[in-house]
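*Asks:* Going down the list, the protein sequences come from chains C and G. Sequence positions in the first sequence follow the working numbering and run 7 to 453. Sequence positions in the second sequence follow the working numbering and run 7 to 453.
Rather than coming from a laboratory, the hints here were simulated on the basis of the structure. Honestly, I wouldn't trust all of these hints.
Copies of the same chain look alike in the list, so a pair counts if it works inside one copy or between any two.
Keeping only pairs whose Cα atoms sit at most 25 Å apart, straight-line, the calculated DMTMM-like set for lysine to aspartate or glutamate is [said to hold, decoys possible]:
1. K202 x E144
2. K35 x E447
3. K385 x D191
4. K362 x D69
5. K362 x E196
6. K98 x E134
Protein chains: 2
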Amino acid sequence: MERADIVIIGGSAAGATAAVSCKRRNPGKSITVIRQEEQVSIPCGIPYIFGTLGSPQKNLIPDTLLTSNGVQIVISAAEKIDRKRKLVHTAKGEQISYDRLILATGSSPVVLPIPGIEKENVFIVKKEVGYLQKMLEEVNKSSDIVIIGGGFIGAEFADECKKNRQANVTIIEKLPHCLQLAFDDELCIEAEKVLKDRGIKIVGNDTVAAILGDNKVKSVRLTGSEIKADVVIVSTGVSPNTELAARAGLRVDDMTGGIVVDRYQRVEGDADILACGDCAMKVSYYNGKPLKTWLASIATNEARLAASNVFVTQYAGLGVVGVFSTQIGELAIAAAGLTERQALAEGYDIVVGQAKAPSKHPGGMPGAVPTSVKLIFSKNNGVMLGGEASGSISVGELINVISACIQHNMTAYQVSLFQMGTHPALCASPIAYQTVNAAEEAVMKLR
Amino acid sequence: MERADIVIIGGSAAGATAAVSCKRRNPGKSITVIRQEEQVSIPCGIPYIFGTLGSPQKNLIPDTLLTSNGVQIVISAAEKIDRKRKLVHTAKGEQISYDRLILATGSSPVVLPIPGIEKENVFIVKKEVGYLQKMLEEVNKSSDIVIIGGGFIGAEFADECKKNRQANVTIIEKLPHCLQLAFDDELCIEAEKVLKDRGIKIVGNDTVAAILGDNKVKSVRLTGSEIKADVVIVSTGVSPNTELAARAGLRVDDMTGGIVVDRYQRVEGDADILACGDCAMKVSYYNGKPLKTWLASIATNEARLAASNVFVTQYAGLGVVGVFSTQIGELAIAAAGLTERQALAEGYDIVVGQAKAPSKHPGGMPGAVPTSVKLIFSKNNGVMLGGEASGSISVGELINVISACIQHNMTAYQVSLFQMGTHPALCASPIAYQTVNAAEEAVMKLR
Numbered sequence: 007m008e009r010a011d012i013v014i015i016g017g018s019a020a021g022a023t024a025a026v027s028c029k030r031r032n033p034g035k036s037i038t039v040i041r042q043e044e045q046v047s048i049p050c051g052i053p054y055i056f057g058t059l060g061s062p063q064k065n066l067i068p069d070t071l072l073t074s075n076g077v078q079i080v081i082s083a084a085e086k087i088d089r090k091r092k093l094v095h096t097a098k099g100e101q102i103s104y105d106r107l108i109l110a111t112g113s114s115p116v117v118l119p120i121p122g123i124e125k126e127n128v129f130i131v132k133k134e135v136g137y138l139q140k141m142l143e144e145v146n147k148s149s150d151i152v153i154i155g156g157g158f159i160g161a162e163f164a165d166e167c168k169k170n171r172q173a174n175v176t177i178i179e180k181l182p183h184c185l186q187l188a189f190d191d192e193l194c195i196e197a198e199k200v201l202k203d204r205g206i207k208i209v210g211n212d213t214v215a216a217i218l219g220d221n222k223v224k225s226v227r228l229t230g231s232e233i234k235a236d237v238v239i240v241s242t243g244v245s246p247n248t249e250l251a252a253r254a255g256l257r258v259d260d261m262t263g264g265i266v267v268d269r270y271q272r273v274e275g276d277a278d279i280l281a282c283g284d285c286a287m288k289v290s291y292y293n294g295k296p297l298k299t300w301l302a303s304i305a306t307n308e309a310r311l312a313a314s315n316v317f318v319t320q321y322a323g324l325g326v327v328g329v330f331s332t333q334i335g336e337l338a339i340a341a342a343g344l345t346e347r348q349a350l351a352e353g354y355d356i357v358v359g360q361a362k363a364p365s366k367h368p369g370g371m372p373g374a375v376p377t378s379v380k381l382i383f384s385k386n387n388g389v390m391l392g393g394e395a396s397g398s399i400s401v402g403e404l405i406n407v408i409s410a411c412i413q414h415n416m417t418a419y420q421v422s423l424f425q426m427g428t429h430p431a432l433c434a435s436p437i438a439y440q441t442v443n444a445a446e447e448a449v450m451k452l453r
Numbered sequence: 007m008e009r010a011d012i013v014i015i016g017g018s019a020a021g022a023t024a025a026v027s028c029k030r031r032n033p034g035k036s037i038t039v040i041r042q043e044e045q046v047s048i049p050c051g052i053p054y055i056f057g058t059l060g061s062p063q064k065n066l067i068p069d070t071l072l073t074s075n076g077v078q079i080v081i082s083a084a085e086k087i088d089r090k091r092k093l094v095h096t097a098k099g100e101q102i103s104y105d106r107l108i109l110a111t112g113s114s115p116v117v118l119p120i121p122g123i124e125k126e127n128v129f130i131v132k133k134e135v136g137y138l139q140k141m142l143e144e145v146n147k148s149s150d151i152v153i154i155g156g157g158f159i160g161a162e163f164a165d166e167c168k169k170n171r172q173a174n175v176t177i178i179e180k181l182p183h184c185l186q187l188a189f190d191d192e193l194c195i196e197a198e199k200v201l202k203d204r205g206i207k208i209v210g211n212d213t214v215a216a217i218l219g220d221n222k223v224k225s226v227r228l229t230g231s232e233i234k235a236d237v238v239i240v241s242t243g244v245s246p247n248t249e250l251a252a253r254a255g256l257r258v259d260d261m262t263g264g265i266v267v268d269r270y271q272r273v274e275g276d277a278d279i280l281a282c283g284d285c286a287m288k289v290s291y292y293n294g295k296p297l298k299t300w301l302a303s304i305a306t307n308e309a310r311l312a313a314s315n316v317f318v319t320q321y322a323g324l325g326v327v328g329v330f331s332t333q334i335g336e337l338a339i340a341a342a343g344l345t346e347r348q349a350l351a352e353g354y355d356i357v358v359g360q361a362k363a364p365s366k367h368p369g370g371m372p373g374a375v376p377t378s379v380k381l382i383f384s385k386n387n388g389v390m391l392g393g394e395a396s397g398s399i400s401v402g403e404l405i406n407v408i409s410a411c412i413q414h415n416m417t418a419y420q421v422s423l424f425q426m427g428t429h430p431a432l433c434a435s436p437i438a439y440q441t442v443n444a445a446e447e448a449v450m451k452l453r
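All chains, please: the whole structure from these sequences, using the hints.
*Replies:* Structure representation (structure tokens):
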């Protein structure tokens with residue numbers, strides 16, 4: 007029987023980060039990561055295997071991240087947690103005892119009960135390297151790709167499937183727009199325009215009634231039409247992996263499907279077990295309500311929280327702000343906190359401020375692209391509730407500026423006086439800096 | 007005699023922003039900007055005229071920014087402020103009365119008393135379009151360019167002078183390194199390496215004893231050597247333009263040379279006059295001490311502060327954090343708040359956290375470059391004092407994330423649990439996200 011001070015189950019974003027952060031914060035403690043996969047895919051990098059990267063082997067979290075930090079890796083499925091004896095049993099028959107256990111078992115793609123979904127060449131987006139390799143080979147041979155679900159994974163897959171490849175690509179989305187759960191309509195439409203300009207067909211407001219073909223998929227039947235398909239990619243969301251936890255008697259939240267944890271990432275009813283990442287229940291920064299949001303960045307944040315609270319209660323998480331970003335073609339779009347639609351649905355009285363300016367200044371600097379920011383504030387106290395941005399690569403960090411402002415409950419007034427740096431080759435002009443100007447516009451509406 | 011509710015003297019970053027922000031915050035008020043220049047150069051864009059942009063005409067703040075907001079422009083030098091009658095007299099004989107006056111008279115380049123500095127083809131970096139056009143023509147004809155002063159303007163000029171041009175370019179810097187007032191040594195050395203790789207010669211720890219030649223410059227004499235030069239660019243800092251204010255009896259600060267203002271940007275002793283931008287005295291965010299820092303981004307922040315306080319006292323500025331960024335070759339470097347050197351000089355006990363990761367993830371994504379973050383925290387309370395970053399274009403907004411954390415006095419612990427978004431094409435991996443990992447490293451040293 008082996009033993010480690012901290013045992014972590016799962017080796018993806020949450021598990022790997024928890025291991026590194028635990029080691030940093032508790033350098034004297036022994037840490038073992040138990041995971042099923044020989045090799046671990048970078049979860050958010052998976053779509054890029056199919057175009058930009060070209061191979062699942064180019065999208066791995068390297069084991070050296072763990073081993074160079076002195077973390078042990080056990081490759082085996084964790085089968086059972088014996089909470090009384092503080093032991094994890096693996097499929098290979100190992101028993102590993104722990105002082106503290108961190109569950110980071112992740113999530114699995116949702117498999118909708120669509121007739122025919124079991125057919126050959128219908129792929130759900132699993133994180134397994136072998137599966138992804140097979141999927142890539144079929145995508146490379148395909149001429150008609152249908153993607154079910156136009157969220158981040160679906161939109162990114164569509165974009166990547168068009169790179170270095172002649173196949174027809176169609177997205178089927180049951181909502182009116184792709185990416186609608188993350189962005190307000192104007193950004194969805196902007197992204198859809200780029201997808202369409204790249205020759206991708208988008209069918210909104212429709213669902214798949216059946217996947218047709220003999221053994222292998224031949225087409226997809228929608229409510230009123232049929233689309234030829236030799237490959238189908240199902241990207242209709244994920245659900246938390248909680249079987250192991252449930253078998254150990256830990257409570258799973260009905261609404262989100264996540265393992266119930268407190269603000270310290272501690273599971274309910276067992277002081278020695280924490281959970282983080284997609285498998286753990288999340289609550290909103292705004293109102294503490296359970297939240298169905300799964301992101302690698304949230305997973306790593308929770309992993310760091312778990313690591314900091316693993317032996318001593320130190321820091322309660324703020325709840326999830328939620329910061330999303332993606333790139334479609336050359337367009338980068340991002341959102342932090344509540345969209346306008348979400349804020350209204352939550353019952354907020356809101357004001358919106360918007361500003362647009364070139365990403366460099368003067369606007370004639372090579373590579374400058376229009377970059378816009380939209381900020382949403384509570385009408386009653388002026389506090390920022392969320393923000394969205396579109397433009398080019400810098401939007402990835404621009405949205406983190408907005409996230410920082412949200413995490414400090416800054417008001418429109420304060421954001422309008424935010425002290426930023428601006429350089430001609432790197433940012434909008436200080437006169438036109440979008441975040442500040444959007445806030446200033448909101449200030450006027452708040453009076 | 008004309009009249010405006012708000013008269014602003016100066017039409018560059020501070021003046022233009024004050025005008026737009028005043029109009030937004032007080033839509034019913036009439037606003038007049040008095041300025042000398044027919045056309046206004048974008049101040050921080052000036053070096054880019056000499057390479058990337060190719061013409062002063064491509065580096066202008068457009069008048070439509072003001073006119074489309076209903077702001078009047080009077081092109082004339084303001085000669086006298088009659089504070090008793092609340093009147094501004096211009097060089098063209100106009101008299102414009104005001105209810106409130108905002109001084110945004112900017113700064114002028116320092117002219118060091120170097121023998122020979124008056125010679126032909128010795129240029130100080132004035133913001134005047136005609137002067138810059140003449141300077142550009144001479145730079146275009148030159149084969150040996152010497153730049154005196156290796157601050158931002160000097161380093162950027164050197165880089166730009168090498169674009170599409172064969173001239174020898176030499177920077178003379180009296181400190182050991184270029185950019186040393188803004189960055190710690192490691193970033194200065196990184197930037198100098200890029201400059202040197204581009205064929206630029208850097209002479210550190212040396213000063214110019216004389217500029218030689220007949221009418222026209224032929225060479226520059228240093229303490230122990232002489233360098234051939236047919237063009238000399240003097241970029242040895244700026245000093246505030248305060249003559250007009252001083253003539254009107256307003257107090258000018260001895261140490262910084264700026265018009266004395268309070269945290270609301272109101273000048274001392276006259277409730278109807280405010281000042282902002284390079285002409286106004288600044289104080290440090292950290293300790294309230296006067297600060298010799300002049301940046302367009304600070305100018306626009308002060309302009310918005312002035313605009314918000316012009317009729318009603320609303321909001322006291324926090325003092326200057328100071329956010330610097332630049333691009334040298336393809337390398338972007340940036341700093342916010344105190345550098346390690348500055349923090350030590352201020353007497354802080356500090357800890358430093360550092361992290362480096364590719365700008366995209368996996369690191370094999372095309373265009374990914376190593377991006378590093380260094381954060382400085384107070385050892386006594388863990389509060390972040392400053393940060394520096396190097397990498398590519400996203401560093402322009404990454405440093406603003408750091409600035410947001412500084413403006414909220416976040417501790418290393420809090421920054422290590424910062425909620426950011428990360429996308430493969432836009433940011434470092436969430437596991438490796440530099441700002442969070444640098445903070446986590448510091449957390450360990452703080453215990």
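*Asks:* Could you run down the list of hints and mark each one as holding or not?
*Replies:* Each hint, compared with the structure:
| no. | hint | verdict |
| --- | --- | --- |
| 1 | K202 x E144 | within (23 Å within a copy, 49 Å between copies) |
| 2 | K35 x E447 | between (52 Å within a copy, 17 Å between copies) |
| 3 | K385 x D191 | within (21 Å within a copy, 47 Å between copies) |
| 4 | K362 x D69 | between (43 Å within a copy, 18 Å between copies) |
| 5 | K362 x E196 | within (14 Å within a copy, 33 Å between copies) |
| 6 | K98 x E134 | within (19 Å within a copy, 77 Å between copies) |
The structure fails none of the hints (numbered hints given earlier).
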